[in-house]
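For the protein sequence lines, the chains are X and D, in the order given. Residue numbering for the first sequence is 78 to 239, as defined by the working numbering. Residue numbering for the second sequence is 155 to 282, as defined by the working numbering.
Because the hints were derived from the structure by calculation, they are not lab data. Among the hints, a few may not be true.
These stretches of chain X come out as covered by chain D in the derived footprint (C-beta under 8 angstroms, 3 or more residues) [claimed, not checked]:
hint: 1; stretch: 181–188
hint: 2; stretch: 222–233
A few chain X residues that face chain D, going by a derived Cβ cut-off under 7 angstroms, partial list only [stated by the list, open to error]:
hint: 3; residue: E105
hint: 4; residue: V106
hint: 5; residue: L109
hint: 6; residue: L138
hint: 7; residue: D172
hint: 8; residue: A173
hint: 9; residue: E176
hint: 10; residue: N194
Beta carbons: idealized from backbone N, C-alpha and C, even for Gly.
What follows is the residue order along each chain.
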Amino acid sequence: MNTATAAFGRSIHSHGNWNIVLEIAAREVFELMLNSELTTPAAPFAQDHNITAMVGFAGELCGVLILGCSLESSNLMASRMLGVHPGEIARENCDAFGEICNMIAGNFKNKISGLGNGCMLSVPAIISGGHYHVHPLSRAEAIEVTLLFEGAPVSISLRVHN
Amino acid sequence: MNQIRALIVDDSSVMRKIVERSLRQAGLEISAVLEAGNGAEALAVLAENHVDLILCDINMPVMDGLELVKRLATVENARGVPVVMITTEGSESHVVRALSAGARGYIRKPFTAEQVKEHVIPLLGVHA
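Construct the entire structure; sequences and hints are all you get.
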């Protein structure tokens with residue numbers, strides 16, 4: 078799991094290849110915790126998210142990781158994590174989705190050389206609904222990755238504040 | 155192997171269930187799983203119960219896992235009980251701080267049941 082660190086480790090202020098590291102971090106979380114493989118979409122998707130998880134970074138890296146998908150997809154993710162039928166998922170949905178976001182953020186952080194010791198993660202926050210905009214309070218770069226979970230889009234966005 | 159009483163400390167109930175499932179997949183005979191949502195709740199559980207194993211997250215509200223591990227040295231029911239951290243915090247400094255405070259193992263999330271088995275079984279052998 079440290080291959081990406083060796084391959085992409087660099088100054089934390091250089092964001093080159095961070096999209097690849099972010100994608101690897103997400104794929105690993107889905108493979109290990111959901112026993113599910115994320116795939117790459119053949120063409121851009123019109124995304125219609127109605128659940129969003131956010132985990133903040135503070136310290137040497139300031140920003141936020143945003144994970145978005147449909148409620149149906151998040152329900153399926155929770156069922157895969159817990160090993161139960163999707164119909165049995167109720168209030169665990171938000172908890173599971175937040176943990177997935179948290180693990181992607183942590184896995185990403187751990188793969189960036191020099192970042193782990195000086196960067197803290199917030200606890201996850203969940204937003205239900207899709208009609209909102211994120212307004213960063215300072216200049217922010219966005220790294221966007223879209224992958225498919227069981228054929229449905231999952232967007233992963235890292236907003237890095239400089 | 156004797157039946158094990160485990161305390162799982164994580165602010166996510168989903169993660170507590172996954173950790174419990176991993177323990178069972180490791181082949182451990184679990185007689186009881188006690189749960190706590192943060193370090194303070196864990197101390198309250200340990201004031202009333204003895205356990206054989208503690209699995210603990212780091213980033214939690216109220217009292218984090220590192221603070222909990224430090225305080226366990228003064229808890230009668232936790233004396234000699236192995237603590238394994240299971241956390242998204244994978245930095246070297248976190249590992250060093252956890253092990254220095256008394257943790258006996260450190261597993262980074264995401265994790266597999268096999269990793270839990272590799273860390274936990276030897277510790278319970280030593281503890282038994």
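| task | List, from low to high, the hint numbers that the structure doesn't satisfy. | result | 2 and 6
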